[in-house]
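Asks: If you want the building blocks of each chain, they are given just below.
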Amino acid sequence: MLVLDHITARHGPWALAADGYFSEGIHLVTGDVGSGKSTLALIMAGLFLPEKGTVRRERIQTVMLSSQFPEFHLTGLTVGEECASWGLDAEKVIRSTGLYITAATQSLCLSRGELKRLHLACALGRPYDLLLLDEPFSSLDCSEKERLCTELSRQHEGITVIFTHEQVIFPRVDRIWEIVDGRLTDCGDLPGALERWRHAPSLIKKLVRAETVPENLTPEDIREAACRIQE
Amino acid sequence: MQDPRIILASAALLSLAAFVSIWGAALALIWWLAFTPRHRLLKNRPALFVMAALIAIVSGLASLTGGSGISYFIRMTVILLIGAWLFAGLKEGDILSVSVWGLGNKGFEIGVTAEMGMQMAYALFEDCTRIRIALNLKGQDWGIRTIQPAGHLLIRDALQRAEDTAELLAMRGYRDGGTLCPVFHPQRWDAIGGICAAGILVFAVVVGVSEFFILYR
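Sequences listed follow chains Z and D, in order.
The first sequence: position 132 = 132 (the numbering used here), numbered continuously.
Counting the second sequence from 1 gives a position; the numbering used here is that position plus 1000.
Bound-form chain Z, shown alone:
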């Protein structure tokens, strides 16, 4: 379990307050651009010291923070070296990305989108007790976002926290959190959380207003709820 105990971060007029505990499962942390999602991810990973408060990690041995900028994780010159730095088999990782690259391809010659796919394949290639994904959908096209959601929905062990302002494609999540007015708010478990999610995507809001609350956030759940309106 990850516990945020009266966390406060400040930078000039900007401030963030966070309180709460993250148990095993997939958590979605949403908020506008600049609301403090990345800062919160860094605090949870222990890479940024908050002004006040403490982060307690109970029974968490391995932590991975996936930055929104995939080049921040590069430590290998070639794709093969990069995969090896994660302790993974290059051929297996390359196959899972679906990219037309080899282990000898220079990692810095990949486009941002290709690098993101390679990085996510590496980050999801090993189990972590705490996996923090900061804007995992950035630089991905729709089909890749859906593929990533399918992959994430399969995660059954550990705590996975997804920080995103994505409004269309989501994986199956267990709990929703929202950063509003500089404070992390717990919207609760699904599907009840969808009614408390203040900055929910317009489609979700419309479904909630029509009293056809989807079971979860996956495209299938939303389609099923939309079909109930038509009935």
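If you are wondering where the hints come from, they were derived from the structure by calculation, not from laboratory data.
Because the structure is a prediction, the values reported are computed rather than measured.
Incorrect hints may have been included.
[Said to hold, decoys possible] Below 27 Å or equal to it, Euclidean Cα-Cα: the simulated DSS-like pairs (lysine-lysine) are: (1) Z:145 with D:1091; (2) D:1138 with Z:92; (3) Z:205 with Z:145.
Take the given structure of chain Z and dock chain D to it, following the hints.
Replies: Just chain D, lined up with the frame of chain Z:
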């Protein structure tokens, strides 16, 4: 200290004083203790300690081969501390302002080039931190195996950044030259620091020259 002209001049004078004689180095160290936020300069600066270790190795070798290794170590360490203060004390645009103040608008290009060099140095430090964090997250430490690809990445990143900047300047239509009206806000403390730095250099030169003549006789 606030005035970049005095900061740059003091750093040059003190570095020269420290290089000329051991007494100059000692006085420059006292100046550094009195006029800089020394605690902040040394906090979380692993690169500084790495460079000091390299100087120590060279000094040790100099001592073993009959040279004055200790003197070299003290003088170079003081120059390193002055350099760290200069690096941390200058703000973006300071060198450009001083260059234009000193050389008129002819100094614009020199200032821009120097600013780009400083930005490159800051970016290299950021890249080093980023790679260290990435290795840490992957459960790896700095070592022979990791330093080599990290070094390659740093060089590639630096070259890429230089190319991007050149393209950006060309796309925005920059050819050469430019104008700037630099504004400085000197304070009394700056003037005192600058005068002391000049005094230290004069003292170091006088002591250095007199020591030379005593040895000569």
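Asks: Indicate, hint by hint, whether the structure satisfies it.
Replies: Verification of the hints:
no.	hint	verdict
1	Z:145 with D:1091	41 Å, violated
2	D:1138 with Z:92	18 Å, holds
3	Z:205 with Z:145	22 Å, holds
Consistency with the previously given hints fails for number 1 only.
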